[in-house]
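Sequences and hints are given; from them, build the entire structure.
Note that the protein sequences, when read in sequence, are chains A and G.
So for the first sequence, our numbering puts the first residue at 433; every next one is plus one.
So for the second sequence, our numbering puts the first residue at 332; every next one is plus one.
Treat each hint with caution, since some may be false.
[Said to hold, decoys possible] Simulated restraints, written as ranges between beta carbons of each label pair: (1) G:402 / A:534: 54 to 64 Å; (2) G:556 / A:596: 40 to 50 Å; (3) A:547 / G:375: 43 to 53 Å; (4) G:408 / A:532: 38 to 48 Å; (5) A:482 / G:389: 48 to 58 Å; (6) G:505 / A:484: 37 to 47 Å; (7) G:471 / A:532: 46 to 56 Å; (8) A:553 / G:389: 53 to 63 Å; (9) A:464 / G:418: 38 to 48 Å.
I should point out that these hints are in silico values taken from the structure, not numbers from a laboratory.
In this text, a Cβ means the ideal position worked out from N, Cα and C, and glycines have one as well.
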Amino acid sequence: MDKIKFATVWLAGCSGCHMSFLDLDEWLIDLAAAVDVVFSPVGCDLKTYPEGVDVCLVEGAIANQENLELIYDVRRKTKLLISFGDCAVTANVPAMRNMLGSSSAVLKRAYLELGDVTPQLPDEPGIVPELLDRVVPVHEVVPVDIFMPGCPPSADRIRATLEPLLKGEMPVMEGRSMIKFG
Amino acid sequence: MSVKTLTIDGTAIAIEEGATILQAAKEAGVPIPTLCHLEGVSDVGACRLCLVEVKGINKLLPACVTEVAEGMNIQTNTEKLQTYRRMTVELLFAEGNHVCSVCVANNNCELQDVAVQVGMDHSRFTYRFPDRGVDISHKQFGIDHNRCILCTRCVRVCDEVEGAHVWDVAQRGAACYIVSGLNQPWGEVDACTSCGKCVDACPTGAIFRKGDTTAEKVGDRAKLEFLVTAREQQQWTR
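Following this line, the structure appears as structure tokens:
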């Protein structure tokens with residue numbers, strides 16, 4: 433049997449979920465033996481999301497054009513998509529800008545009103561991705577197969593989610609140890 | 332005092348007339364999830380988490396404000412009720428701005444606990460992201476309306492236990508909010524005795540002590556129950 437093709441992506445989040453993933457410590461060695469890491473900011477140097485991925489952990493909310501394009505790409509090429517952490521599941525802290533209104537109101541607040549030195553709006557089309565008007569959780573954009581809340585999800589919770597998948601079983605996302613937010 | 336006999340999830344129970352279904356369930360050792368219920372103050376049936384099914388009645392009834400009746404056959408945890416409870420909690424999360432990770436009540440929040448209890452791993456409803464205020468005009472305490480679920484526990488504890496009635500509910504529908512005094516900043520309300528009972532009564536991080544930061548609010552909800560018992564039954568120690 434071919435190895436499981438495993439990926440992780442990092443959208444609008446602080447990378448804390450990926451740090452927590454690295455907290456899996458020596459179990460990462462077992463994981464590496466069981467999967468092929470085909471795309472990941474912490475485990476692979478590829479820049480293009482490959483075809484035929486079996487499992488993908490998605491950290492972060494959908495906040496800008498790049499997040500949006502990547503998540504559509506990920507969904508199209510992935511069998512099992514896991515919303516990884518509170519930002520992916522609820523939009524969490526990145527979405528606190530939604531209370532300000534549209535993206536222009538947010539940029540104005542951050543770069544003009546609070547800009548100490550040479551206040552100016554970032555404008556580099558094709559280089560700096562444009563902000564979406566609203567930050568949304570992953571499942572508001574594409575269907576999600578498993579939700580793993582937590583800010584960040586603990587290494588134990590990540591392992592308890594991934595381990596059954598390696599055996600071809602679905603994890604049971606129930607109880608405080610698996611689904612507590614925050 | 333007359334006694335009513337009834338069944339809760341198949342267990343026969345006898346309880347005095349006038350008791351609520353929630354009290355009867357507690358006596359029978361049947362757990363029913365609640366949010367707006369607080370021992371020591373009156374019940375209002377605001378959160379709808381304690382809805383139960385009563386045989387012969389085709390609507391769901393809130394256990395905290397429904398009195399027991401002779402021969403009632405009550406189900407507290409059917410699939411239908413589980414579905415409604417999870418939906419209720421998802422709506423509470425989608426309705427306000429509940430960001431557990433940066434909340435003062437993280438790990439000590441009844442809304443967070445109830446989400447785990449009903450098995451909510453995400454909200455199927457679109458988040459509203461309402462624009463709500465924070466009032467930190469009081470010297471010791473603050474109220475963050477983003478985290479408020481309008482359970483009205485603060486309103487009831489301030490009115491019924493402290494007797495100050497600083498809090499009430501203003502507006503209607505989605506515009507509802509907890510108002511202090513005559514719609515004044517909390518710090519300017521003379522009636523407030525700064526007793527802090529509302530801080531302990533609040534199930535979330537909406538009312539907090541200033542200076543507490545993320546996950547630092549440690550509530551003492553049993554204190555309110557103790558105060559009521561102390562006053563009514565002259566038990567001054569706990």
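Now the hints, each set against the structure:
1. One distance hint, 54 to 64 Å for the beta-carbon pair residue 402 of chain G and residue 534 of chain A, holds here, with the actual separation near 59 Å.
2. Range check, residue 556 of chain G to residue 596 of chain A: about 42 Å between beta-carbon atoms, so the 40 to 50 Å window is met.
3. Taking 43 to 53 Å as the suggested C-beta distance range, the pair residue 547 of chain A and residue 375 of chain G conforms, at roughly 48 Å.
4. Distance hint for residue 408 of chain G and residue 532 of chain A: a CB-CB separation of about 42 Å, consistent with the stated range 38 to 48 Å.
5. Distance hint check for residue 482 of chain A and residue 389 of chain G: the Cβ-Cβ separation is about 55 Å, which falls inside the suggested range of 48 to 58 Å.
6. Between residue 505 of chain G and residue 484 of chain A the beta carbons are some 46 Å apart, a value that agrees with the proposed interval 37 to 47 Å.
7. As the Cβ distance of residue 471 of chain G to residue 532 of chain A is approximately 29 Å, the hint placing it in 46 to 56 Å is violated.
8. Here the CB-CB span from residue 553 of chain A to residue 389 of chain G is close to 58 Å, well matched to the stated 53 to 63 Å.
9. In this structure the hint that residue 464 of chain A and residue 418 of chain G lie 38 to 48 Å apart at CB holds, the actual value being about 41 Å.
Hint 7 from the earlier list is the only one contradicted by this structure; the remaining hints agree with it.
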